[in-house]
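K.L.:
These are the residues of each chain, in order.
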Amino acid sequence: MTGATNITEPGRAWVFGDDIDTDQIAPSRFLVSSDPEELAEAAFHDHRPEFHEEVVDGDFVVGGENFGSGSSREHAPLALVGAGVDGVVAVSFARIFFRNAINLGLPVLISPEARRIDDGDEIALRLEEGTIVNHTTGETYDAEALPPFLQELVDRGGLKPYTKAKLAGDL
Amino acid sequence: MTGKTLAEKILSRKSNTDAYAGDYVEAAIDVGFTHDVTGPLTFDVFEEVTGGDGELFDPGRTAITIDHHAPADGVQAANNHNRVREFAAEYGAVQYAVGDGICHQVLVEDGFAGPGDLVIGADSHTTTFGGLGAFGTGVGSTDLGTALATGELWFRVPETLRFEVEGDLPDGVYAKDLILRFIGDVGFDGCTYMAAEYAGSAVTDLPVHERLVLANMAIEMGGKAGIVPPDQRTVDYLEAQTGERVDLDPDLASDPDAAYYDVHRYDAAAFSPQVSKPSNPENAVDVDEVVGTEIDQFFVGTCTNGRYEDIRVVADIMEGETLAPGTRMVVVPASADVYDRMLQGGELKTFVDAGAIVQAAGCGPCFGTHQGALGDGDVALATANRNFPGREGSMDSEVYLSSPATVGASALYGEITDPRTVETPRYDDVVLEEVAA
Chain P
1 MTGATNITEP
11 GRAWVFGDDI
21 DTDQIAPSRF
31 LVSSDPEELA
41 EAAFHDHRPE
51 FHEEVVDGDF
61 VVGGENFGSG
71 SSREHAPLAL
81 VGAGVDGVVA
91 VSFARIFFRN
101 AINLGLPVLI
111 SPEARRIDDG
121 DEIALRLEEG
131 TIVNHTTGET
141 YDAEALPPFL
151 QELVDRGGLK
161 PYTKAKLAGD
171 L
Chain A
1 MTGKTLAEKI
11 LSRKSNTDAY
21 AGDYVEAAID
31 VGFTHDVTGP
41 LTFDVFEEVT
51 GGDGELFDPG
61 RTAITIDHHA
71 PADGVQAANN
81 HNRVREFAAE
91 YGAVQYAVGD
101 GICHQVLVED
111 GFAGPGDLVI
121 GADSHTTTFG
131 GLGAFGTGVG
141 STDLGTALAT
151 GELWFRVPET
161 LRFEVEGDLP
171 DGVYAKDLIL
181 RFIGDVGFDG
191 CTYMAAEYAG
201 SAVTDLPVHE
211 RLVLANMAIE
221 MGGKAGIVPP
231 DQRTVDYLEA
241 QTGERVDLDP
251 DLASDPDAAY
261 YDVHRYDAAA
271 FSPQVSKPSN
281 PENAVDVDEV
291 VGTEIDQFFV
301 GTCTNGRYED
311 IRVVADIMEG
321 ETLAPGTRMV
331 VVPASADVYD
341 RMLQGGELKT
351 FVDAGAIVQA
361 AGCGPCFGTH
371 QGALGDGDVA
381 LATANRNFPG
391 REGSMDSEVY
401 LSSPATVGAS
411 ALYGEITDPR
421 TVETPRYDDV
431 VLEEVAA
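Going down the list, the protein sequences come from chains P and A.
If you use this note's numbering, the first sequence closes out at 171, no skipped numbers anywhere.
If you use this note's numbering, the second sequence closes out at 437, no skipped numbers anywhere.
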């Protein structure tokens, strides 16, 4: 995911409702591993079991309000990365999940129009211009741009490269 | 310039800037900690950014607990425990053993944080430290792993949502009832990205162990932190815990002209015991709406309400009584110290005589994988902070949340019972006489 292009390929939207918490994204019994490949099986395992069986590389997760609420476990976005998910769109995000996703290089877009996306629609994300294209309906939705501070962090490759540069005295 | 909230003051001090809500700052952390679940990922990040030969920003202020799978429930969990031990030994971090207890409890007991400190932990309930007047916030493993290397982390300075409660709380109403009501009123995401500040005479009157409950569950309304402004009670508590002198800084309070996102005002006398119905903490109702709901399993414990004073309330209600037939009760003290006090105070015997199961200190059933997982169709009443679908086991189980007193009263009858129908004691802080080694 690191170095994701600014315009993704179209992929299938898996649509979820409001208040999807981290227990539903990655159930606790899977948290004995930190390996994204192993965690892929955890992704929505109990909440929507067909997800981990049918998701393919390049698919997207679409949530309602407060997506990723609950635990700080980075295993939740990591499970989506492991499952091949190319981005998450939601009406709103819980704070820690949003931050964890950015830290992992998993694109996250906030869009009130996420509700217009139906399960199974083909969508693509235009990260730089902050829009979501729905290839199934032909619609384009606006998303919120990242605040400049966060955009700078993303442009530097994320928190880990930023920290390495800081430790090396390059910042 | 307008005044500042306590959250703005702490982040200003720690970043050496004049920061207000909405600003982005890089701030120096006072404490960083993780545990057996989020630890291994944190260690990977720390070793990656430091190239494998780095040092912790401050080993004495880096702590690692083994509390989520404690004792280990399988080989993978046991391997993670070994990874914790190896990392702590290699880098000199403070490492707690299996059975020592939950991170948010043992670090408070051992005086890791105090008023004005900036605490980050790779666990969402790190907001708990706000009960001491610190700014505590939960972060992911990447954030923590990098911060342990540099001693700094970036923060967006949060707006503050203030909850003011004036007056005296009625018998049978505790901090847990207040926070469940607050969450019910603003919603599961009503405080997202914000600091919750708790104030008013009813909050000032609360002992520290109850203030920790208010702070702990700020995350259940999306809060970045939950803060009770520090006062003499905070100082007395910390001095008794640590045996060291603590100065009260009068500036560690929100200014009278500070700008709040909003202020919610309550009359303490109007509060009833609260119960959050499945499957979201925001589903808080007055207890009388759910009285009579049949319960299969009662759970006393967690970083919210697993302290000695909580357990003592339940034991007082159940002393000489028997757990309702056909139900089970799991009691998990939040720390080894709490366990020891249950032993000394006789509460352990009360529970055993009543037919309850008392387990080693840790996160227990709240983590949903062991020590009392729920099966299909099971209904639980817990002193925990979360009741998401499947939180304590099966996706077909249900969890109700309440105060320890409500759990104790309900355990006598096997159904949700108004705690005001029994005698409900309140306890001041029962502090450590000496610091745990």
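No lab work stands behind these hints, which were simulated from the structure alone.
Model, not experiment: these values are computed from the prediction.
A portion of the hints provided could be inaccurate.
Stated by the list, open to error - Not close to chain P: a few residues of chain A, all C-beta gaps over 12 Å, as computed:
{"no.": "1", "residue": "Leu153"}
{"no.": "2", "residue": "Met194"}
{"no.": "3", "residue": "Glu282"}
Claimed, not checked - Selected chain P positions facing chain A (Cβ under 8 Å, derived; list incomplete):
{"no.": "4", "residue": "Glu74"}
{"no.": "5", "residue": "Asn103"}
{"no.": "6", "residue": "Leu104"}
Every residue gets a Cβ at the ideal spot worked out from N, C-alpha and C, and that includes glycine.
K.L.:
Now look at each hint and say whether the structure bears it out.
P.N.:
Here is what the structure says about each hint:
| no. | hint | verdict |
| --- | --- | --- |
| 1 | Leu153 | 9 Å, violated |
| 2 | Met194 | 9 Å, violated |
| 3 | Glu282 | 8 Å, violated |
| 4 | Glu74 | 4 Å, holds |
| 5 | Asn103 | 4 Å, holds |
| 6 | Leu104 | 7 Å, holds |
In the structure shown, a violation is registered for the earlier hints numbered 1, 2 and 3, in ascending order.
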